[in-house]
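Chemist: These are the residues of each chain, in order.
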Amino acid sequence: MLRIEHAYWLIAAFLLYSGWRNLRDGHRWHAAFWIVLGLLFGAGDFILAQSAAGHALPAQIAGIGVIALACLAPRLRRQAHPENRTAEQRLQSAIALGHRLFGPALLIPLVTLLVALFGGYLVIGHFALFAKSQMTLTGLALACVIALLAAARVARTPVLEGVAEGRRLLDAIGWAALLPLLLAALGQVFTRSGVGAAIAEIATDFLPTGNATAALAVFALGMVLFTVIMGNAFAAFPVMMAGIGLPLLIHQHGAHPAILGAMGMLCGYCGTLLTPMAADFNLVPAALLELRNPYGVIKAQAWSAVWIFASTFTMMWLLVFR
Amino acid sequence: MNYWPLLGVAVIVVGFALRFNAVPVVVVAALVSGLLSGLSVPDLLALLGNSFVSQRMLLLFVLTLPAIGLLERAGLREHAQRWMARLQNLTLARLLVGYLLLRQLLATMGLTGVAGAAQTVRPLLAPMGEAAAQKILPRLDQGDREELRAVAAATDNIGRFFGEDVFIALGAVLLIQGFYTQHGIELSPLAIALWALPTAVAAFIIQSVRIWLYQRRLQRRAASIERDA
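For the protein sequence lines, the chains are A and B, in the order given. Sequence positions in the first sequence follow my numbering and run 1 to 322. Sequence positions in the second sequence follow my numbering and run 1 to 229.
Bound-form chain A, shown alone (with noise of 0.2 Å):
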């Protein structure tokens, strides 16, 4: 049965390779992160089972091995490898393939697709060919392997060149690969610490609540600011929600509770779309696409943020007190 953990191991194993490519050609650094980084991928179902188990050393040891990623990115610097094959062979390349290209690089969507619509069909006996939790994700990694080995076959060149193009590409987008899982992390440590509690303590007490327009506004902004700094707006809703939309909006002023809670998580989007905290829609697209700004993704989306917020808004304070 393919499972989540697989695609786990075969990115632990990329890293790994990365790594050993970077010790190799002399980047000491480089290769000290991505190993770490593949350590702890490859090792993460154990430290996960033995933290349920409730021995906490390997998960103790995780900790430390995140703090070591943290001393080592600075010093990553971002040097892209030059491209092996100049502008003039890769158009050539591209004259003589032609469409061809694009059949590997639609088959990572194409895959993943009929993996999540017909995954859960593919019984044979009692034997699943794919794990219900995460089969989606499961699907994109199976159709990343695919792809390659299609692409390699396209391209008639050897699958190890694609993991050495892969590794170059990966050097290339650096540190900022890291961010989406340490502000996961950091989000799970506020949410501990009582953060989020406490920033709806000091909201309720300071702004006015009284008026359902006010606390209607109060609670929408509140949702946008929560959600920039925590970079997610889950993890904004249910603090918003327990400290002003339940008591205040709902049992006071009479707000419809489907309404308040869907669009008061859509502004929260907003928020998503405006800060870097959401590392993994904005600031690894912009390292991806390889733009000098790396808020080059948030400032091309302000705009939109804005204005979707004030639709969103204005309907819910036509819609919500009906």
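A few of these clues could be false.
[As the list claims (entries may be wrong)] Example chain A residues on the side facing chain B (calculated, C-beta under 8 Å, incomplete):
#1 Pro74
#2 Leu148
#3 Leu225
#4 Ile229
#5 Leu288
#6 Trp317
[To be verified] Okay, the calculated beta carbon distance ranges per label pair:
#7 A:Gln89 x B:Arg139: 20 to 28 Å
#8 A:Val145 x B:Leu7: 38 to 46 Å
#9 A:Gly98 x B:Ala229: 19 to 27 Å
#10 B:Ser188 x A:Val145: 57 to 65 Å
#11 B:Ser188 x A:Gly120: 19 to 27 Å
#12 B:Ile205 x A:Leu129: 38 to 46 Å
To be clear, the hints were calculated from the coordinates, so they are not data collected in a lab. Here a beta-carbon is modelled for each residue, glycine too, at the ideal position from N, C-alpha and C.
For this one, chain A is given, so just place chain B on it according to the hints.
Modeler: Below, chain B alone, put in the same frame as chain A:
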């Protein structure tokens, strides 16, 4: 109430504002908040380690890199650009709005992992967009290209965000329903998801208009260059 853990937020704000390397900033913020909330060092290390490894799916995009890297080496981007240049009727705005619609519809069905910055924007949408922009303004400089790629990534994000909320079996709707159930209010997922539709439509219109304005800005620049020449 212990307000000291809020200093972790201050570390983030100051660190990002001064443009320090984000990785240590985030880790220091986590350590500051955790320690000030009274967690012991061993507990804090375990919390950090556990939270980190339980979020491993967020690095899944690196698995796309070998296939994409190999195809780019074989000329994928060059081919996407050449093909785009031949399609006369496919303007930049039509390309991006079409992608936005597709991305939003897929997300509405819960298929958010199908597209994304690594899967579709870098190998396909960005080079096609650059070629489409070149049809308007033949001499794009580096800054123009980067802005175009940023617009493509923004379009991808907006399509995903304001589609996925309409899907009933995905995180957001279930989180809202779960919260209300905990507090004694019973709602069906469909009743919640339905109220995400107005914003989904608004987001589509707003982003489409902004794409169109962006295209018009390029066209105006092209016209003024022509006048000067």
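Chemist: Could you run down the list of hints and mark each one as holding or not?
Modeler: Tested hints:
With a cut of 8 Å, the hint placing Pro74 of chain A at the interface with chain B holds, because the nearest CB-to-CB distance is about 4 Å. With 8 Å as the threshold, the beta carbon of Leu148 of chain A comes within range of chain B, its nearest partner Cβ sitting at about 4 Å, so the hint holds. Because the smallest distance between the Cβ of Leu225 of chain A and any Cβ of chain B comes to about 11 Å, over 8 Å, the interface hint for this residue is violated. Of the supplied interface hints, the one on Ile229 of chain A holds, with its beta-carbon coming within about 6 Å of a beta-carbon of chain B, less than 8 Å.
The interface hint given for Leu288 of chain A is met, as the beta carbon of that residue sits about 5 Å from the closest beta carbon of chain B, less than 8 Å. The restraint placing Trp317 of chain A at the interface with chain B is violated, with a minimum CB-CB distance near 12 Å, outside the 8 Å limit. For Gln89 of chain A and Arg139 of chain B, the hinted distance range of 20 to 28 Å is satisfied, since their beta carbons lie about 24 Å from each other. At roughly 45 Å, the beta carbons of Val145 of chain A and Leu7 of chain B sit within the given window of 38 to 46 Å.
The supplied range of 19 to 27 Å is broken by Gly98 of chain A and Ala229 of chain B, whose beta-carbon atoms lie about 35 Å from each other. A C-beta distance of roughly 39 Å is found between Ser188 of chain B and Val145 of chain A, which places it outside the suggested range of 57 to 65 Å. Taking 19 to 27 Å as the suggested C-beta distance range, the pair Ser188 of chain B and Gly120 of chain A conforms, at roughly 23 Å. The hinted window of 38 to 46 Å between Ile205 of chain B and Leu129 of chain A holds, with their beta carbons roughly 41 Å apart.
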